[in-house]
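Visitor: Let chain A serve as the given structure and place chain B on it in line with the hints.
Chain by chain, the residues run as shown.
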Amino acid sequence: MSYVDGDALWRVLVASLIGGVGIAALFSVGLIGVSSGRVVGRVAGGVCFLLVVAGVLLGVYVMLDK
Amino acid sequence: MTGDLILLIVVVITALSFDFTNGFHDTANAMATSIATGALKPKIAVALSAVLNFVGAFLSLKVAATIANGIVESGAITLTVVFAGLVGGLAWNLVTWYYGIPSSSSHALIGGVVGATLLASGINAVKGEGLVSHVIIPAVLAPLAAVLVATVGTYLVYVLTRKVDEKTRTRGFRIGQIGSASLVSLAHGTNDAQKTMGVITLALIANGTITQQDGTPFWVIVCSATAIAAGTYVGGWRVIRTLGKGLTEIETPQGFAAEASSATVILTSTHFGFPLSTTQVCTGSVIGAGLGKRLAQVRWGVAARMGVAWLITLPAAALVGAVAFGAAQLIGGALGVIVVFTAAVVFAALLYLASRKTAVHAGNVNDDWVGRGTPTQVRTPV
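Same order as they appear, the protein sequences are chains A and B.
Converting from the first sequence to the working numbering requires adding 1139 to each position, the first position being numbered 1.
Converting from the second sequence to the working numbering requires adding 886 to each position, the first position being numbered 1.
Extracted from the complex, chain A is given alone in its bound form (with noise of 0.2 Å):
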């Protein structure tokens, strides 16, 4: 008898962390981008930004695929 589904508790825990983690440190590394003055900090920050947007919409896409 198996209280707790294992294979589901991990796959939670690690792509939790990678997502949470990583879209918090895409976005901190986005305004590094726009602040630091240069055309090339910018599109890299804006890039940065980019993929945090893909991040929500995946987000979006899993409660309606629910």
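Incorrect hints may appear among the rest.
Stated by the list, open to error - Simulated pairs of lysine to aspartate or glutamate, DMTMM-like, Cα-Cα distance not exceeding 20 Å: (1) LYS1049(B) - GLU1137(B); (2) LYS1013(B) - ASP1144(A); (3) LYS929(B) - ASP1253(B); (4) LYS1243(B) - ASP1253(B); (5) LYS948(B) - ASP1204(A); (6) LYS1053(B) - GLU1137(B).
Said to hold, decoys possible - Computed from the model, here is a short list of chain B residues facing chain A with C-beta under 10 Å: (7) ILE892; (8) LEU1042; (9) ALA1143.
Calculated from the structure, these hints are not laboratory results.
Where a beta carbon is used, it is the ideal one built from N, C-alpha and C, also for glycine.
Guide: Chain B alone, transformed into the frame defined by chain A:
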């Protein structure tokens, strides 16, 4: 009007009332940090959250006509058991709101149904294994997972942006925080409004009003979405204050990291079929946001108070559910249910009146924390 129809109407009204309390109790989950950091004005925050909860309720309409699925035997679920379970969940939501404690509405509802089922059908109708795997283990894991993600996220956010000028950093994280909080609100509407839709659909099937194949009527979807959105807009300011100001003092980078953590943990747990309580995840994230910033202080006394409330959610709601079922059965018929419903309304009204003595509202929700949920009553010297 037949007794069965009266019973059905009372169950539907009770379910929508529960949905309303679910909304105002859980506004804090998404918006407490945004309000605390000033990313959003309090009234704007609850309005945004209400709209997103309403929209979220329509996002996925695969409604499961169940209550406490996998925890109590489905054959033991009668309309009176559903009603008594809702009263148990409702009472726990109101008491925890009064004390400003974030608490899982789902666990409260499960507790209420378990209590009513125990009295109605005996201990064999309750699945102990389901209770442990669906409620107790997730209740321990949800905050721990969120604390871990938010702690690492907050630490990284501060390390990475230490050279970014303060104005850009604050403005940037405010925008990010609004986005991530909105995602949590949307997810909340999707999950929690459907819970009520499922309960009402189950009641309609049990009464023979619709069949299993008919699916959830549109009016049920609209009423459930409206109830949770209205509750969210009213704003459970007492809980918002505890989560936003009581656990730790939050700055915008912490608020962003906390909301990003909450959204990710909630959505990944939904995706992998290991549902965790939104409330417990969000509370864990706020604690993690406090731990991740150097020299930030987490008020462990407040956290411990929440932990105790989470421990007793199930037995307390079960007790009320059992008493509600017992009283309804003792009086008998539709009259029994009406009497219990009236008692629940009187209890709610008395609690509301008591709360006015130390009211928390949009105007004082961000006042300095003074060791309790309600702001200091500043008296003018005579």
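Visitor: Any hints from earlier that this structure breaks? Give me their numbers in increasing order, please.
Guide: 7
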